[in-house]
Amino acid sequence: MPKPWPSSLHSLVLRLCWRQRLDSAAGPPVLLQRPRDALPGPRHLPGDPVLLPSRPGPQFYPVGVSRLHIGLSFTLPEPSAPGLHAVASAPGSRTLAGILATWWWRLSGGPSWPSPELPATLTRLWQDTQNRACPQRQGTCPPGRKPHTVDENLIFYEEWELEACVDGALLDAQMALVNMLPFTYQQIHILKCRLDQTYPQGYPESLVQRLGYFFRYVSPEDIHKWNLTSLETVKALLSVSKGQRMDTQVTALIARYVLGGGRLDQDTMSSLADVRPAYLCFLSAEQLDSVPSRVMWTLRPQDLDSCGPRQLDILYSKARWTFRNMSQPEYLGKIQTFLGGAPVEDLRTLILQNMTMDVATFKRLRVEAVVGLTVSEVQRLLGTHVGDLKAEEENSPVRDWILQQRQEDLDTLGLQGGIPNGYLVLHLSSRGAL
Numbered sequence: 001m002p003k004p005w006p007s008s009l010h011s012l013v014l015r016l017c018w019r020q021r022l023d024s025a026a027g028p029p030v031l032l033q034r035p036r037d038a039l040p041g042p043r044h045l046p047g048d049p050v051l052l053p054s055r056p057g058p059q060f061y062p063v064g065v066s067r068l069h070i071g072l073s074f075t076l077p078e079p080s081a082p083g084l085h086a087v088a089s090a091p092g093s094r095t096l097a098g099i100l101a102t103w104w105w106r107l108s109g110g111p112s113w114p115s116p117e118l119p120a121t122l123t124r125l126w127q128d129t130q131n132r133a134c135p136q137r138q139g140t141c142p143p144g145r146k147p148h149t150v151d152e153n154l155i156f157y158e159e160w161e162l163e164a165c166v167d168g169a170l171l172d173a174q175m176a177l178v179n180m181l182p183f184t185y186q187q188i189h190i191l192k193c194r195l196d197q198t199y200p201q202g203y204p205e206s207l208v209q210r211l212g213y214f215f216r217y218v219s220p221e222d223i224h225k226w227n228l229t230s231l232e233t234v235k236a237l238l239s240v241s242k243g244q245r246m247d248t249q250v251t252a253l254i255a256r257y258v259l260g261g262g263r264l265d266q267d268t269m270s271s272l273a274d275v276r277p278a279y280l281c282f283l284s285a286e287q288l289d290s291v292p293s294r295v296m297w298t299l300r301p302q303d304l305d306s307c308g309p310r311q312l313d314i315l316y317s318k319a320r321w322t323f324r325n326m327s328q329p330e331y332l333g334k335i336q337t338f339l340g341g342a343p344v345e346d347l348r349t350l351i352l353q354n355m356t357m358d359v360a361t362f363k364r365l366r367v368e369a370v371v372g373l374t375v376s377e378v379q380r381l382l383g384t385h386v387g388d389l390k391a392e393e394e395n396s397p398v399r400d401w402i403l404q405q406r407q408e409d410l411d412t413l414g415l416q417g418g419i420p421n422g423y424l425v426l427h428l429s430s431r432g433a434l
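Residue 323 in my numbering sits at position 323 of the sequence shown; the count goes up by one each step and never skips.
Derived by calculation from the structure, the hints in this document are not laboratory data.
Hints are not guaranteed to be accurate.
Result set (DSSO-like, lysine-lysine): computed pairs, CA atoms no more than 27 Å apart in a straight line [stated by the list, open to error]:
hint, residue 1, residue 2
1, 334, 318
2, 390, 363
3, 242, 318
4, 225, 235
5, 334, 363
6, 318, 363
7, 235, 318
8, 242, 225
These figures come from a predicted structure and were not determined experimentally.
Make a model of the complete structure from these sequences and hints.
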């Protein structure tokens with residue numbers, strides 16, 4: 001009869017993390033003959049080989065762990081049963097993601113769930129943990145439990161013990177050790193809360209320089225509180241974030257550094273090419289000139305919402321050059337994202353090429369370009385979307401355009417607010433000719 005999977009085996013997943021951290025060169029792990037071989041103790045040290053059960057139950061995880069949260073209940077087979085097996089021989093299993101992916105494949109009973117989905121699942125689980133509010137400090141630290149150094153003993157602290165016993169100043173001083181230990185997401189959340197409580201106005205730059213992998217657990221709101229003056233610190237954090245789906249944090253990091261007067265070098269600009277480029281609007285004109293052309297292919301309209309006129313001018317020019325060899329239909333589709341930097345002459349050229357756009361794109365055009373268009377030109381530019389102007393007639397740039405048009409022309413579109421019939425608009429620039 002199968003034995004229940006003992007709750008004390010929660011350390012097994014921690015040992016698995018140690019395998020990833022230390023990357024032991026001792027070769028693939030061997031079969032654990034008995035569950036007690038995985039229990040904490042002097043004969044099972046970090047880096048020792050560990051194995052995964054083919055179908056572990058929820059007790060497999062540390063208390064509250066959410067790295068992989070599955071509400072299933074299985075039992076541990078007898079030691080002689082073929083329920084435990086090595087996973088290190090599988091391709092890619094020498095990394096933590098590879099080991100977990102192999103384990104999940106075993107759990108799912110086959111290849112129906114491709115392993116590339118696993119990192120996304122882990123990211124979502126961390127985000128769920130991150131959204132939890134920091135707990136209010138309750139109770140006092142038990143005698144003898146207050147740590148004076150960051151070591152593996154903290155792995156086995158309950159969440160309330162971490163909250164009551166661990167000091168933020170200790171975490172600051174020994175951040176390198178924090179990054180070496182396989183804490184659960186919940187434990188990391190508590191440790192981050194302790195740091196946040198120690199530095200409510202933002203982490204000092206001396207700590208930011210040493211954050212290392214802990215950077216993956218900070219939010220954009222945290223980053224905006226920092227004082228960043230070192231490009232080397234920025235580069236180090238960008239290296240940590242690579243491949244981690246941290247575009248919002250990277251954008252906040254670049255924004256905080258640039259707005260503080262920092263300048264990015266060419267190597268840093270190149271390293272940002274694979275990041276969702278929402279950071280572009282924080283760059284100077286000179287820095288935008290050095291943005292790799294391949295970034296133009298990934299931009300979305302919302303990435304440019306915060307850009308000023310000069311930035312839009314530069315990006316529009318770069319986009320025209322980048323897409324110059326495309327066919328006309330493809331070019332018209334790609335260039336729409338950048339039309340906030342287009343002059344009225346270019347808009348007229350695009351109209352002659354039968355380009356059309358929706359009102360959302362029309363609203364992104366620069367005001368001085370829009371007001372130079374005639375009613376018939378706007379009709380051609382919007383095509384079937386021209387009726388949507390009515391809902392925007394009180395908003396810029398539609399309102400600015402309406403004020404420059406004769407009402408009799410606007411009547412054909414059902415718009416109000418133009419120049420009344422019989423009135424003459426006198427521009428100040430033309431007074432010298434009268």
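Now the hints, each set against the structure:
no., hint, result
1, 334 - 318, "12 Å, holds"
2, 390 - 363, "13 Å, holds"
3, 242 - 318, "26 Å, holds"
4, 225 - 235, "18 Å, holds"
5, 334 - 363, "17 Å, holds"
6, 318 - 363, "21 Å, holds"
7, 235 - 318, "25 Å, holds"
8, 242 - 225, "22 Å, holds"
Hint check: no violations occur; every hint is consistent with the structure.
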